[in-house]
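*Asks:* Read off the chains here:
4 protein chains.
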Amino acid sequence: MPVAAFNLRDFESHAFRTLPAAHWAYLNGSAADGDTASANQQSWQALRLWPRVLNDLRPGALQQTACTVAGRAMAHPLFLAPVAFQQLAHPDGERATALAAAAQGAGMVLSSQSSTPMEAVADIFAAEPDAGPLWFQLYWQGNLARSLSLVQRAQACGFQAVVLTVDAPVHGVRDAERRAGFVLPEGIRAVNLPAHPAPLGLADLLAQAVRWDDVAALQAACAALGLPLWLKGVLHPADAARAVALGVAGLIVSNHGGRTLDTTVSTAWALPQVRAAVPPGFPLLVDGGIRRGTDVFKALALGADAVLLGRPQVHALACDGALGVARMIRLLRDELSAALALCACASIADIHTSHLVPPPADNSLYA
Amino acid sequence: MPVAAFNLRDFESHAFRTLPAAHWAYLNGSAADGDTASANQQSWQALRLWPRVLNDLRPGALQQTACTVAGRAMAHPLFLAPVAFQQLAHPDGERATALAAAAQGAGMVLSSQSSTPMEAVADIFAAEPDAGPLWFQLYWQGNLARSLSLVQRAQACGFQAVVLTVDAPVHGVRDAERRAGFVLPEGIRAVNLPAHPAPLGLADLLAQAVRWDDVAALQAACAALGLPLWLKGVLHPADAARAVALGVAGLIVSNHGGRTLDTTVSTAWALPQVRAAVPPGFPLLVDGGIRRGTDVFKALALGADAVLLGRPQVHALACDGALGVARMIRLLRDELSAALALCACASIADIHTSHLVPPPADNSLYA
Amino acid sequence: MPVAAFNLRDFESHAFRTLPAAHWAYLNGSAADGDTASANQQSWQALRLWPRVLNDLRPGALQQTACTVAGRAMAHPLFLAPVAFQQLAHPDGERATALAAAAQGAGMVLSSQSSTPMEAVADIFAAEPDAGPLWFQLYWQGNLARSLSLVQRAQACGFQAVVLTVDAPVHGVRDAERRAGFVLPEGIRAVNLPAHPAPLGLADLLAQAVRWDDVAALQAACAALGLPLWLKGVLHPADAARAVALGVAGLIVSNHGGRTLDTTVSTAWALPQVRAAVPPGFPLLVDGGIRRGTDVFKALALGADAVLLGRPQVHALACDGALGVARMIRLLRDELSAALALCACASIADIHTSHLVPPPADNSLYA
Amino acid sequence: MPVAAFNLRDFESHAFRTLPAAHWAYLNGSAADGDTASANQQSWQALRLWPRVLNDLRPGALQQTACTVAGRAMAHPLFLAPVAFQQLAHPDGERATALAAAAQGAGMVLSSQSSTPMEAVADIFAAEPDAGPLWFQLYWQGNLARSLSLVQRAQACGFQAVVLTVDAPVHGVRDAERRAGFVLPEGIRAVNLPAHPAPLGLADLLAQAVRWDDVAALQAACAALGLPLWLKGVLHPADAARAVALGVAGLIVSNHGGRTLDTTVSTAWALPQVRAAVPPGFPLLVDGGIRRGTDVFKALALGADAVLLGRPQVHALACDGALGVARMIRLLRDELSAALALCACASIADIHTSHLVPPPADNSLYA
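Chains as they are written, first to last, in full-length UniProt numbering: chain F, 1 to 367; chain X, 1 to 367; chain L, 1 to 367; chain W, 1 to 367.
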């Protein structure tokens, strides 16, 4: 019997009651005081829609939410964000989220810390003709050779792009996680990565952290493989411009869901700054705090091509496995449909910044 | 024994305790997180009055709240907004609200989803010599012929204007309603409309949604009938200007009480934008969040000719039927009287934008 | 045994527990939702002090809070505001507040709705050599003759100025008072006024409300008597300028403690606007929401010559009669002393607008 | 068994439960309503970080938090602020905080109201080769001779600078302290000062308060002793400029933790104003509300060379004595390390104002 969920927050309430406290602390926790995790949500919600009326909505109908992301047609602009160790949320783990994403036409970015072999996930997507994009998230493995070996294995089994995370050279101040005494339970681990002999100290982490010259080398290698390289975790226009100059395929505006550094700018604030710094049409995704169809609409109005969902997929997964995640995606897509109609947009392409009231220029709402 | 109510919010508290939960969820519910429903109220309250003193108030006296709306004299600038299925709130339904409105000189806009025959409502207004305007709210019926047939029936029994709702091509994300499992109880239905064979799906809704060319055709037809056509649900100045160009009689600035799309601009924010886009003297009404006489005063200071009351009429109706609604109207009118005197305005015509502190130009208070 | 009170808010907590609910509703209540009553307090508190250091404080010492108000030397810039029917708070009523004010060197403005004969209050002030100013608050009595008769009686027994209230032509929307069913108890009434045959209706109130030409006539009459005339309840610079042009002695910036019209501008917001509209050195007082010595300091920094205390005197009176009011005045004076020293001001004359951070010019903090 | 503390606020929660109420009221209390104490914390937190990515972090590693304060190398930019009577928090008092500071390489400013002989503290620092700076806080002793005698004694036993507090000519309105009836318990006193015969009254306090000419004289005397003189408690740029002109070694931007004057500007707001008023490179420290590594990062981005910790040292001291304070320092340093890495700063020197979103220029966030 599936949980009663009428919106994404309902899944969160159920998951909180369902999951062991330490798993919840890891999966849902955020850095320090949780200010950024909270501000991400509030910033989307605080943006005001300025709806239009009476436009012709007939062209929309079933194709209303259809869109193109980096040249690929999708049924809607929703991706599952990379989330590590999904077996913590549900025994089916990444298999369940992949089934749901593939069935619903959502994109999926598999974490390199997946608790499920990447090949199993790729097989699920391969079996679904209408599946969306399947991408592989990469944590830099200390050097190019090790990183590339992972990338090549992902490409071999069917992943279509690489998403390099650049905002997490260290783990972040995860008070909730430490307070709960979270450790990975027996049997759950990053099965696609070589086992670490021991956790790295700060000096080692800093020494191995990915750098601009690593990105350049990886970009060249990916180009040689014909594999698009995305960077995830860019918030500053200067970094965005530098990444574009290196030839990356796209950027994901993200603050890691507030899990690494607290009190950063919200992604709703950063997105238009980044959009202004990249060429017209350059592929941009955004994550962090998306909970409503109106949030998706606003992200697109501010220049994103699609959005990624992190915690909501975990919440739904914890509640009902693949079925929960599928319902979560469907709920959000339906809300987006309603938002489009109620703003008199026949399609995603009709969304425009003028559908938002301009926020104050002086940052007084920058939370 | 009538409920103890000293202001409009008191009726709300009583109604919440009185009504079945599912009826409350339908009647008082709003879209998604209720952000717009709440912001509507807060935005009026946040506006600051800058009172004047010592003007001559003698001319006011009993005619103090008298006003003219679209050329018609009224005792005060209060209308009952269209609310569907009022028998959900009280067995007397629309008969009760009509009795109260007529007795108090308020205008009334009957919903096309009235649970009472429109003729019965018209008869009540016809029997009261001092009744205010009686208008008919129209949901587009898929084509001009069906829509016009409803309009002609309304005109025939005495309705004096048509109010076409343009902000609800789809139903909105009504979480509370769905969570409560609301369905229309046996015996309550839209008696003035043909029974729907089955609820429409999204594709059909979008295909049948009213469009600008429909408005043009309806406007021409109404003009031929000598019936003023208003549009309800306009928030954007560009849409307002386009509607004016089509020759409509007036506009109602509304976000449907926050029941269709959440996180839209509040009506207090949108009203002056719309006022600036229409010709001087063009009839404008506004609804959403009006709970105090000072709210009415502020709406008029920002350019409205009158205001409409949605949920407050339902609350009062649920408490005490016609008597409750009449008391609600009277309370609000008395509060408006006090506000006029305390701003040293002898009459409605003395209300001016300079009675408000200009809100910040940068939208930092746009909630 | 006096109540334990370490600041003005402590008296409020005690009084709330002490007074009958209906008396509390009348004495402490405010108009409508209490937004203005609350904003008055918050607006003072929200202003930020920008302290200086290391100035020579020796000249200050005991004369630190000494000041001059409209040409008269005072030990400190504190007045008791006019409050009606003080026997509702304590059997000793206005006798107690007068004893406290006289003993502490505070000014006092006796309400024309005093429950104690004005002569008794005047006698108390006459008996105290170091007493501050004693003024008489006047509600317009419908015409000049009746008003003047009251003024002359006040002058005869020793009152030194008249304060005409101009912001209360009607009573205001006092929900709390009506909900509590407040009526004046047997034995408490406005003993200095002729008994009203019956409460006046709105039409009569508006017809008798004081007007600019009445003020001109009263000013001429007071000038002939050598009695300074103040206006209380001015918020708008245009009204202030007009009053100055009529020759009044001073103005009290006030919104009646939020008891008449709700959601007006706060007095902290209005004060600098009024100061900018009157000649340099023109006497200005302010009331509404003053609870701390820092509030007094801020009011003086924004251009007030002194402040008046309304509810705090009632709270202290209800707690401990004259002793309570005396302690309240002393507490506030001591807090003002500390604020002066901690801003490195040797005296009141050293207070300057530059001791405040300029609030935003765009009204975004205008609550 | 040490308390479970994962961040600085955890120590506060434990200390609140551990300390006698009156000690808590004194140690943690603030002036009046605690508005400034609270705003200090909120203002740091409200500042938004704008992180960069992918810079080379290898140079950082173990020397990542190393910095130079007024010419002296330190392992990190953390100081313990002067706090009086630390035996109120823990029997080990200042010995414990000194042990912790010395072991962790933090600077320490010993209060002249230390409950421990200054020589004992100096010995602890002398015994630790990697100890940070040890400074002596001075309350003006009424005249230069008495003040200098204290300074010379401090220099003799090893203190390396003098910090003159200039923001506390009087005690402040400490409601919580008075409500709790706090008095120094038997056996705890300012052992380095001559016993006061009796508490001073206001007139005496004002007469003895330190003045600009005293600072000039003290500065000359300290220069002769080769001892740097800092001023603590400066918030206004004009005062900062004047102090610089007198030749002081550095300034501490402080509002005394909100313990003297309530509703002052927060130190996060004042810091950049003061930085703009002093020469480039002029030593500036700041305290008040620092609770997170990101707060330290922000303070440095706004122009501070280091920060001081007041209440957090008391909380940790109350919990676990020297061990608690050492853990508190270490936690904060680790958080600063994480913030550096996550903003892609290899070292303190890489921190720049551009890592912060500019706050609104109009003070609308000045709380």
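Don't take each hint at face value.
Just some of the chain X residues that point at chain F, by a computed CB distance under 10 Å [unchecked claim]:
{"hint": "1", "residue": "D35"}
{"hint": "2", "residue": "D130"}
{"hint": "3", "residue": "V166"}
{"hint": "4", "residue": "D167"}
{"hint": "5", "residue": "D175"}
{"hint": "6", "residue": "Q219"}
{"hint": "7", "residue": "L235"}
{"hint": "8", "residue": "R242"}
{"hint": "9", "residue": "V244"}
{"hint": "10", "residue": "H256"}
{"hint": "11", "residue": "S266"}
These aren't lab readings, by the way, just hints derived from the structure by calculation. No residue lacks a Cβ here, since even glycine has one placed at the ideal position from N, Cα and C.
*Asks:* So, for every hint listed, does it hold in this structure?
*Replies:* Against the structure, the hints:
At its closest, the beta carbon of D35(X) sits 6 Å from a beta carbon of chain F; the interface hint therefore holds under the 10 Å criterion. Violation of the interface hint for D130(X) is found here, the shortest Cβ-Cβ separation to chain F being roughly 35 Å, above the 10 Å cut-off. The interface hint given for V166(X) is met, as the beta carbon of that residue sits about 4 Å from the closest beta carbon of chain F, less than 10 Å. Taking 10 Å as the C-beta cut-off, the interface hint given for D167(X) holds, the closest approach to chain F being about 6 Å.
The criterion of a C-beta within 10 Å of any C-beta in chain F is met by D175(X), whose closest approach is roughly 5 Å, and the hint holds. The beta carbon of Q219(X) comes no nearer than 12 Å to any beta carbon in chain F, farther than 10 Å, and the hint placing it at the interface is violated. Satisfaction of the interface hint for L235(X) is found here, the shortest Cβ-Cβ separation to chain F being roughly 6 Å, below the 10 Å cut-off. Annotation: interface hint on R242(X) holds; nearest CB of chain F at approximately 8 Å, less than 10 Å.
Contact between V244(X) and chain F, as hinted, is not supported at the beta carbon level, the nearest pair being about 13 Å apart and thus beyond 10 Å. About 9 Å separates the beta-carbon of H256(X) from the nearest beta-carbon of chain F, less than 10 Å, and the hint is met. A hinted interface residue such as S266(X) counts as satisfied when its beta carbon comes closer than 10 Å to some beta carbon of chain F; here the least separation is about 8 Å, so the hint holds.
Consistency with the previously given hints fails for numbers 2, 6 and 9, ordered from lowest to highest.
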